[in-house]
Amino acid sequence: MTDRTYTDETLNAFVDGELDLDEAVEILRASEDNDEVRTRLCELRYLKDMVAHAYSEVPRAYNDALPTSSRTSSALMRSVTAAAMVAFMAVGIGIGWVSHEREMMQTVAVPDDPVFLDISEVFSLQEAKSAHGKPSSIILHVATNDRHRVEDALAKLEAFVDAQQLDQQRVAVEIVANGYGLDLIRTAHTPYEDQVKQLARDDYVTILACRQAVQRLRDRGIDVDLIPEADFAPSALDRIIERLREGWVYVKV
Amino acid sequence: MTQVGDLFSRRRFEKRLEETRGSLYRMAYAWCHNRYLAEDLVQQTMLKALEKRNQLRELDRLESWVYRILANTFRDWHRRERPVEPLDNHEPVDEAGPEQAANRTEIVERVRGAVAGLPAAQRQVLTLVDLKGFSYAETAGILEIPIGTVMSRLSRARQQLKANLDVRPGNAAPAVRHLRSVK
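Protein chains in written order, with the working numbering: chain A, 6 to 258; chain B, 1138 to 1320.
Next up, chain A with everything else stripped away, as it sits in the complex:
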């Protein structure tokens, strides 16, 4: 016997607790009288439980050495929360981030008012200075190889560096590249090698590659040769958070 009196949407809504009371009672009664409805409900419930179960524990990105059974997501969440709570009590304000390389939870504090500026506004020396009433260093996050955006950023950065050559209080700029942004400093890929090298000659400009992003490419068998002026940050995003904590201005290309 087949019975499609109730649509799949309706039975899904029942299983998901989305029906109002009258409708839910109606479905319950139907399931008592009708094997087909009961079976469909059981299947949907079973599917729902299986999906939830399949992701109750998921592999972490950077702690593979640890047994997953001891790093369940709920346990991990508890440890994050506990670590964060300790940090909040200790430093008053903070937010936890996973420290991938050390395979442990680390909390860092961000300033009360982290500064995120658009690239169109940040390369005004005045903007950088007014953010905290004094020169704020800038962390420039390059995560794209979009030619227009990268060229625009480089042009503005060059103008910015030139403009402050005579300034008493220099503003440090740290360029952190990850993802497709690595192309900016990959010898075989960058069309901007001369520009980047010229920028790197300035004592106040630092160029960093995300070690995780580089490693990920190498894991996939891709050769990654970086220009010698580039150094490594263990993780681009952890570096950004660290700089934000120190009061730097964040700009994303």
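In case anyone wonders, no lab produced these hints; they're calculated from the structure. All C-beta atoms, glycine included, are put in the ideal place defined by N, C-alpha and C. This list has only true hints and no planted wrong ones.
Sample of chain A residues at the chain B side, in silico, Cβ under 10 Å:
no.	residue
1	Leu16
2	Leu52
3	Met55
4	Pro64
5	Gln217
6	Leu242
Capping the alpha-carbon separation at 16 Å, the derived lysine to aspartate or glutamate pairs in EDC-like fashion look like this:
no.	chain 1	residue 1	chain 2	residue 2
7	B	Lys1299	A	Glu48
8	A	Lys53	B	Asp1303
9	B	Lys1299	A	Asp54
10	B	Lys1152	B	Glu1195
Partner residues are not named here, just some residues of chain B that face chain A (Cβ under 7 Å, in silico):
no.	residue
11	Tyr1166
12	Ala1167
13	Gln1180
14	Val1248
15	Arg1249
16	Val1266
17	Asp1267
18	Leu1268
19	Met1288
20	Leu1291
21	Leu1298
With chain A held as given, fit chain B onto it using these hints.
Chain B in isolation, oriented as in the chain A frame:
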């Protein structure tokens, strides 16, 4: 708001944001089945949440607000870069030795494989409802789609899962009664 009040509010925001990290990662992993990408998506999401903190008017809405940021981050990535890396296949799910653990691992891998095989839009709806327990209305808000679309995608997702996991073959349908209302 006073400075003290503002500071208190900011601390509560950051605490609540941090508390979402574990479930955000689980969701991101269920969407992309790549742990490195999931980690990146979550970090980008949290960075954006910090940046856009002032856009959140009610702290009680933080969770669905953050998931909306995650959904947008995932959508942007999906549009931009399309999946190129293989899924995290054959991940050891359980390191315990008993046969029960082996069976469990096999089931989990099968289910993850079936979920990964769904279209991304269906996968997102399914996992928001089943993993996180979001209501249809919340899911619609997070993904910025009509509630009817949530229901139809969820239905199609479960139908396909049922077929792929061989839970039980479906049957033909005569008369159909439609749902009157959803909470």
